[in-house]
Each structure stands twice: as C-alpha cells, then as structure tokens.
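Visitor: Given the sequences, and given the hints that come with them, work out the whole structure.
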Amino acid sequence: MAQLVAVVAAAEAVDSVVDKQPVIDVRDAVKRYGVGDASIFALDGVSLTIDAGEYVAIMGPSGSGKSTLMNILGALDNMTSGEYFLDGIEISSMDESHLSIVRGRKIGFIFQSFNLIPRTTAIANVELPMAYQGVKSKERRERALVALDVVGLGDRINHEPTELSGGQQQRVAVARALVTRPALLLADEPTGALDSKSTADLLDLFDQINAAGRTVVVITHELDVAHRAKRIIRMRDGKIVSDDLNKERVA
Amino acid sequence: MSVFEIVRFAIRGLFTNRLRTFLTVLGITIGVASVIILLAVGNGSSKAIQASLDRLGTNSLQVRSGGGGFGPRARATASSQKPLTILDAAALMDKSQAPDILQVAPIASTNGTCVVGASTTTPSTFYGTWPAYYKASNTSIQSGSYFTNDDVTQGRRVALIGQTTATALFGTASPIGQTMRCSGIEFTVIGLTTVKGASGFQDGDSLVLIPITTMENSITGNQPLSSIIVEATSSKTTDAAQTELTSILDARHGISGRKTADFSVFNQASLLTTASTSSKTFTTLLGMVAAISLLVGGIGITNIMLVTVIERTREIGIRKAIGAPKGAILSQFLIEATILSVLGGALGVVAGFVGSHFTIAGTKPVIVPASVFLAFGVSILIGVFFGGYPASRAASLRPIEALRYE
Numbered sequence: 001m002a003q004l005v006a007v008v009a010a011a012e013a014v015d016s017v018v019d020k021q022p023v024i025d026v027r028d029a030v031k032r033y034g035v036g037d038a039s040i041f042a043l044d045g046v047s048l049t050i051d052a053g054e055y056v057a058i059m060g061p062s063g064s065g066k067s068t069l070m071n072i073l074g075a076l077d078n079m080t081s082g083e084y085f086l087d088g089i090e091i092s093s094m095d096e097s098h099l100s101i102v103r104g105r106k107i108g109f110i111f112q113s114f115n116l117i118p119r120t121t122a123i124a125n126v127e128l129p130m131a132y133q134g135v136k137s138k139e140r141r142e143r144a145l146v147a148l149d150v151v152g153l154g155d156r157i158n159h160e161p162t163e164l165s166g167g168q169q170q171r172v173a174v175a176r177a178l179v180t181r182p183a184l185l186l187a188d189e190p191t192g193a194l195d196s197k198s199t200a201d202l203l204d205l206f207d208q209i210n211a212a213g214r215t216v217v218v219i220t221h222e223l224d225v226a227h228r229a230k231r232i233i234r235m236r237d238g239k240i241v242s243d244d245l246n247k248e249r250v251a
Numbered sequence: 252m253s254v255f256e257i258v259r260f261a262i263r264g265l266f267t268n269r270l271r272t273f274l275t276v277l278g279i280t281i282g283v284a285s286v287i288i289l290l291a292v293g294n295g296s297s298k299a300i301q302a303s304l305d306r307l308g309t310n311s312l313q314v315r316s317g318g319g320g321f322g323p324r325a326r327a328t329a330s331s332q333k334p335l336t337i338l339d340a341a342a343l344m345d346k347s348q349a350p351d352i353l354q355v356a357p358i359a360s361t362n363g364t365c366v367v368g369a370s371t372t373t374p375s376t377f378y379g380t381w382p383a384y385y386k387a388s389n390t391s392i393q394s395g396s397y398f399t400n401d402d403v404t405q406g407r408r409v410a411l412i413g414q415t416t417a418t419a420l421f422g423t424a425s426p427i428g429q430t431m432r433c434s435g436i437e438f439t440v441i442g443l444t445t446v447k448g449a450s451g452f453q454d455g456d457s458l459v460l461i462p463i464t465t466m467e468n469s470i471t472g473n474q475p476l477s478s479i480i481v482e483a484t485s486s487k488t489t490d491a492a493q494t495e496l497t498s499i500l501d502a503r504h505g506i507s508g509r510k511t512a513d514f515s516v517f518n519q520a521s522l523l524t525t526a527s528t529s530s531k532t533f534t535t536l537l538g539m540v541a542a543i544s545l546l547v548g549g550i551g552i553t554n555i556m557l558v559t560v561i562e563r564t565r566e567i568g569i570r571k572a573i574g575a576p577k578g579a580i581l582s583q584f585l586i587e588a589t590i591l592s593v594l595g596g597a598l599g600v601v602a603g604f605v606g607s608h609f610t611i612a613g614t615k616p617v618i619v620p621a622s623v624f625l626a627f628g629v630s631i632l633i634g635v636f637f638g639g640y641p642a643s644r645a646a647s648l649r650p651i652e653a654l655r656y657e
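Keeping their order, the protein sequence lines are chains A and B. According to this note's numbering, numbering within the first sequence proceeds without interruption in unit steps and concludes at 251. According to this note's numbering, numbering within the second sequence proceeds without interruption in unit steps and concludes at 657.
Quick caveat, the hints were computed from the structure, so don't treat them as lab data. These figures come from a predicted structure and were not determined experimentally. Careful: at least some of the hints might be erroneous.
[Unchecked claim] Rough simulated footprint, nothing fancy, chain B against chain A, three-plus residues with beta-carbon under 8 Å:
{"hint": "1", "segment": "74–88"}
{"hint": "2", "segment": "111–125"}
[Unchecked claim] Below, a sample of chain B positions facing chain A; criterion: calculated Cβ distance under 10 Å:
{"hint": "3", "residue": "569"}
{"hint": "4", "residue": "574"}
{"hint": "5", "residue": "654"}
Even glycine gets a Cβ: it sits at the ideal position worked out from N, Cα and C.
Guide: In structure tokens:
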C-alpha cells in the first residue's frame, strides 16, 4: 500500500514537470462477458486518449458499451485485455485493494443516483474521501467547506441527503468528487435524475470546473448534455464510431 | 485513515439503527448473564452441600445393621442377621486392632414423646449414647453441661435437648435444670445443644440425648443398637478406619467368604465425594445451557451483521468508489460487531452480578470469578469470530456490483 502511495506521489511529481502526458490512455481495451460462443463483447478494442484539461462527452445508446467503458475508466472494473494508463500509472493489472487507492486519489465520481452516504450530513459526505486518504480532520473540514462553497451549498453543510433536493444532492456529490483534487472528474449520466433547472445549474458548474483546468468526462445519452462538452465520442456495439471536437464550443 | 476514524464510522453505523443494535446487544447480555448466574447457582449449591456435610463431620463413619443391598435377597438374610450390640462398639475401641479409630459411640434409638405440663413434643431424634458421641457427630452445647461417662455408668436420668425440643417444651424459658417426662420416665435437662439447622428433611434440633444405659434400663430394655458412630483419627484415615472396623465386625459376626455382611458402613467422606461429584455434574449442565445461550447470542450478531452488510451494500460500494481500502471496510464492520459484543458482554457482567444477589431455586448463588472473565472473553471472541464473516463479505464486495445493488 505504502509503495503504491509513493508511486502515485512520484507520478504526480513527474506530472508537474512533463505535464504533457494524457490523463487517460486506453489501448485496445476489450471487455468480454461469458466464454466461447456465448460470449459478448461489451468493449471490442477501444483505444482512447484524453489529455489534461479536456471536457469530453461519451455518448451512445444503451448497450453501446459506454457504461462498461465508464467502469473501466473509473477503475471500478477490470478489462479482459488491453492496457490502461491513468495519469501515467498503469492500472490494468492492479488488484482491487490497489485500485481503491488510485480511485481515491485520481478520480472524482459523480453518479446518476447521487450515491451520497445515507443519514450522513453533506459535510461529512464531502469529508469522507479525504478521511480514507488520511487527511487530518482540521484540514479536511476546511477543504470540505471550500468545496461546498464552490458548489453553492455553503449554507446547507449540516443537512442530510433526505433534506436536500436532487440538484442539491448532486452538487454535494460534485463537491465530494472535487475535494480530493482528482486528475479526472468522471460523471455517469449526472443529469439523469435532475429537472431541467438543476440540469442547467449542474452543467454550468461543469463548465466552471473545466475552465479551472480540471479534466471532465461525462457519460450521457442526452444530446444537450453532450453538446456542452468540447469533444464528443460516440459509441456503438462496443466500439468508438466517431470522435469529434464540438464546433459550437471549440472556436 | 486512523483507527479512531473507523471506530467513529462503526459507532455511527450502530446508532443509525438503534432498536436493532439494542436487541443484538440484549442477546449477548442474556448469554453472558446466564453463564455467570447459572454457574453461580451451581457453585452456590455445591457450597451449600459442602457446608451441610461439613456440619456432619467428615471424620466419622456410621455402622448400621443390615447389608448394603436392597430387595428380596437382602431381606432373606435378615433372619440370620446378628444385631449390633454395645459389645461390638466396645470391640472397636481396641487400639491394637484398630489404630486409626479415635473413638466409638453406640447409638440406641427410640420413638418417644416428651411432656412438660401441657406441652408435648416428639423429638425426631431420641438417642441413648455415651460422651464419645459429641465429637463424632459434631454436637456441642450452647448452655448447661454435657452428660459424662460417670452419668452413663450410673445410668442417671439426665438429658441434653435441642433448641426445637426446648422451645416446644419450655417456651422461651431456660430449660437447664428443668424436668421433663419422656416415654414415661422423668429426666433432668442438663444441657442445650448448639443449633445445627436442618439437614435434608430432618430438623437437627428436634433432639433428645440421654445416657445409653438409662435408655436400656428404663425405656427400651436390651434392644440392639440402631447404629455405631466411629470417629477416625483424621479425615485421611477414615478409609483405614473403615477397613479395620469391617474386619473386626466381620470376625465378630462370623462373616466370611460368600456370606453377605449383616451390617453396613456409611462413610461421610465418600458421601461428600458423591455429593460434590453430582453438584459438579449439575454445574456443568448449567454451564452448557448458558454456553448455548451465549452461542445463540453470537449467531444473532452474525445474523444482524449479515443483514447490515446486505442492507448497506450500496453504501459499501460508494465508500469503495471514493477510495475506501478493503481494510477500512473490514475494520469498520468488524468493529461494529465487536462493539455489539463488548457492550453486550459488559452489560451481561453487570446483569450477572445483580442477578446473583437473589436466591434462585432455593440456592444462594456464589459467583465463580473465572466465569466472569470467561464469559466476557468469550463474548468478545464471539464478536470477532461471528462478525468476521459478514465483515469480510462486505470488504470483498466489488464496487461495481455493490453500486448497482438496489
């Protein structure tokens, strides 16, 4: 464990010097379910590079493999074959106990169903990932307060998830994702459970986060959400079918 | 991630479902308390048996007429039986043949009613004997004096009485120097025996003791003895004393080879062994019942922790997604289970101490200190052991599956 933490720290140090290496570098990723004739390729040789500071939307109908890709990118699942470098660290061969450390330090997750810890206040939810990283409680609280302030919930820190609206819960989730200063903000259908007003607020927030230099990857099937990104990747049947810059957003 | 932090997560986890936590703790509490209380009851009853046997005197042997057997065969030999006589008692006092016998007291017994004015009582024990009886039977007097060997030789009409008899005949007045009429003969009460208490169904204080010569001369005539009490030189020599007296009486009664003995010997020491063995069995049984209830409490912890893990699958997935290492999840659930069992164990110890203050089934429980440590220690182990399985299941959940769980 300690060794891995050292590796991650070393990679971060190299980062600041080189700064040119991609955040995501997936080479020929294959994810197969089942064996033999009955096997299904959820990912069928996907290669993808995303550089630091990009804002990418991954689109596709259900069954296109975008959720599988999201799980692989988020280090939540292993590939059948292929290589994956996350912020310069080879993680395709890591086991679950090491992956959890990488996730905690490199990735901020935002889910469709918010996934806050129930019966736990907003600030405690935001502090949680830092607690697992061993950040001292005073610093934790300060950083959590800042993060909640950024998402506009500075006055709701002691509310539990059930006392917050969907949009507010999702903003707590964004604060929780940002508070560890991850290399990658990974959002899986983040607006799927939100009304249009909350959706607009959240997308504005993503714009700000990206403008501040953070890499953002959004998995979605909604066109208007995807069109806020600067690069749109379309998937079908486990393959990338198109990968274009969004002309509306990139001058 | 400090240990303190994980403990805080665990406590928060327990607090979110207070009723469930309380009921699980209750299971362990009952288990631990019943181990402590039931073992205390077993211990208390064995202490009580010991105390009542100590009162009888462990050095003494009792010789009675009749073989050890029961049933038709024992009865058939009755006609050829030689009774125990005062000469048998005298023969046992032969130091050369019976070096381990300290003293011998013959007992003649009768049923009689004692009368003083309008008050009457029928003592459950009405014995004629001689002074060796006092020590051999652990009898002492609280006031007045004993009758002496001289009283026996002279056949004087003097008596020692027990507290129950004294109260029945004389009320609260001192019985010393008073006269009473037992089986038609007038006796002077010269001593009041120390209260013995009940032993089994018999009131040890419903008692009249008179010189054996007086009983034979005035009441029963030349009847056989009902028993002879023999006191060994020490508790270690009772077995040797038993062998010696058996060979003396065998010779006197012509017992040899296949002829069944016409007397039997009761050894208080062996009675004590039997009694303590049976009370040990009793304690073991109680302990087993208690251990089972502790085990059931432990299974309760497993059950609740499994339910908790399933119920919180999604939460576990979230925690893992945001970087909780396996160890943190494992410790959180293990600590939850351990808190349940430690809390249950501590409350059980308290309940056990409180419960042991009451008399249970006629027994005053005496806490066995080892049982407290044992029960508490086992309850903690149960928490770790029975909580370990659900905890490791929680820790090895794959985040992707846990997150998908509804």
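Visitor: A separate judgement is required for each hint: does it hold in the structure or not?
Guide: Quick rundown of the hints versus the structure:
1. 74–88: Holds, because 3 residues of the segment 74–88 of chain A bring their Cβ atoms closer than 8 Å to Cβ atoms of chain B.
2. 111–125: Our answer is that it holds, as 7 residues pass the Cβ test (under 8 Å) against chain B, meeting three.
3. 569: For residue 569 of chain B, the interface hint holds, since the closest Cβ of chain A sits about 5 Å away, which is under 10 Å.
4. 574: At 2 Å from the nearest chain A Cβ, residue 574 of chain B passes the 10 Å test, so the hint holds.
5. 654: 7 Å, holds
Of the numbered hints given earlier, the model fails none.
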